[in-house]
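Given only the sequences and the hints, what does the whole structure look like? Please build it.
Chains as they are written, first to last, in our numbering: chain A, 1 to 142; chain B, 143 to 334.
Don't read these hints as lab results, they were simulated from the structure. Take every hint as true, because none was put in to throw you off.
Simulated DEER-style distance windows between Cβ atoms:
| hint | chain 1 | residue 1 | chain 2 | residue 2 | range |
| --- | --- | --- | --- | --- | --- |
| 1 | B | E268 | A | I98 | 16 to 24 Å |
| 2 | B | I171 | A | P64 | 27 to 35 Å |
| 3 | A | D91 | B | A305 | 27 to 35 Å |
| 4 | A | S65 | B | F152 | 38 to 46 Å |
| 5 | B | Q263 | A | I109 | 31 to 39 Å |
Part of the chain B face toward chain A, derived, beta carbon under 8 Å:
| hint | residue |
| --- | --- |
| 6 | F198 |
| 7 | I207 |
| 8 | D276 |
| 9 | G278 |
| 10 | F303 |
| 11 | L313 |
We treat Cβ as the ideally placed atom computed from N, Cα and C, and that holds for glycine.
The primary structure of each chain is shown beneath.
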Amino acid sequence: MHNNPILRISTKILFAPIILFGLYVQFHGDFGPGGGFQAGVIVASAFILYSLVFGIEAGKKLFPSNINLILLALGGIIYGGVGIVSMLLGDEFLAYNILGSSPQSGQHIGILLVEFGVGLTVSNVMIALFNAFASYDKIKEK
Amino acid sequence: MISELLINAFLVTIMLSIAIALIKTRTVIFTVILTSAYSLVAALMFITLDAVDVAFTEASVGAGISTILFLAAMAYLPKKEEESISSEFVPALSCIILGGILIWCSFDLPEIGQLTAPIHQHIAPEYIKGSKEDIGIPNIVTSVLASYRGYDTFGETIVVFTAGVAVLALLQKKNPAKKNKSQPKQKIRKNA
Numbered sequence: 001m002h003n004n005p006i007l008r009i010s011t012k013i014l015f016a017p018i019i020l021f022g023l024y025v026q027f028h029g030d031f032g033p034g035g036g037f038q039a040g041v042i043v044a045s046a047f048i049l050y051s052l053v054f055g056i057e058a059g060k061k062l063f064p065s066n067i068n069l070i071l072l073a074l075g076g077i078i079y080g081g082v083g084i085v086s087m088l089l090g091d092e093f094l095a096y097n098i099l100g101s102s103p104q105s106g107q108h109i110g111i112l113l114v115e116f117g118v119g120l121t122v123s124n125v126m127i128a129l130f131n132a133f134a135s136y137d138k139i140k141e142k
Numbered sequence: 143m144i145s146e147l148l149i150n151a152f153l154v155t156i157m158l159s160i161a162i163a164l165i166k167t168r169t170v171i172f173t174v175i176l177t178s179a180y181s182l183v184a185a186l187m188f189i190t191l192d193a194v195d196v197a198f199t200e201a202s203v204g205a206g207i208s209t210i211l212f213l214a215a216m217a218y219l220p221k222k223e224e225e226s227i228s229s230e231f232v233p234a235l236s237c238i239i240l241g242g243i244l245i246w247c248s249f250d251l252p253e254i255g256q257l258t259a260p261i262h263q264h265i266a267p268e269y270i271k272g273s274k275e276d277i278g279i280p281n282i283v284t285s286v287l288a289s290y291r292g293y294d295t296f297g298e299t300i301v302v303f304t305a306g307v308a309v310l311a312l313l314q315k316k317n318p319a320k321k322n323k324s325q326p327k328q329k330i331r332k333n334a
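Laid out in structure tokens, this is it:
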């Protein structure tokens, strides 16, 4: 697929808008349909599209696997961390009311952070799964 | 009312024909593509039920990313499924019986959108009111998912994380593990 100009150029044009749409879905989830799960999948699909068209090596150069693995774990840590911070501030685990100056702003901050954690984990799990399947053959050959 | 019926009948017809085509096909890639198409129609079905968030998830996860992951995984399978030798009578009979029971039970379900149904009486009114007053978010789905049911979503995230790590452990083990295992063995041999 590396030599097909239509695929290469359309991937380059589409890459940024897909990620922008993913971010929109991620941070607009409070007001419209969307949220961490959908946004994570959309952002992951941009990177997978890049890997599909330009090859798995180019995809790994764009988004190195060690960063991928760190971010994969970081999403869950952010989610759990919000719960622990709210516990340290004197409320229950994952009770966001205490995070902000008023209960409503606390809920806003909590939901935003939690959704961000979900999106981070989901997108990086999807990219890691695709990379693992796509580079499995080469590991076997060695 | 009539237009809604027409749309639903249209979607169900497409779903049924995709399902029948899925039974008939023996080629792996057609199976994956047809499953993806089925998910897309299911997403449209969710839109007719006014469940936009679920439709969004179904379209992006069911029709989008899982198709790519299936294709990536199925590259290691043979191109065609083998013809089954055993009889198809018993599985068909059990499917028909199960489907019949499910259809029979569905007559007891309350009508869709009926306000007096138990599901709209239990905690749903509290969430609808609280989402606006306590949380201040217009999208009730997000406030239920991230705040009221924060524990469940935390569990879901951890499930996704665990599944990803498990697949990575299965697929990426080969190279480093071989080196680590083979080195101690040689040492033992030398000592012996």
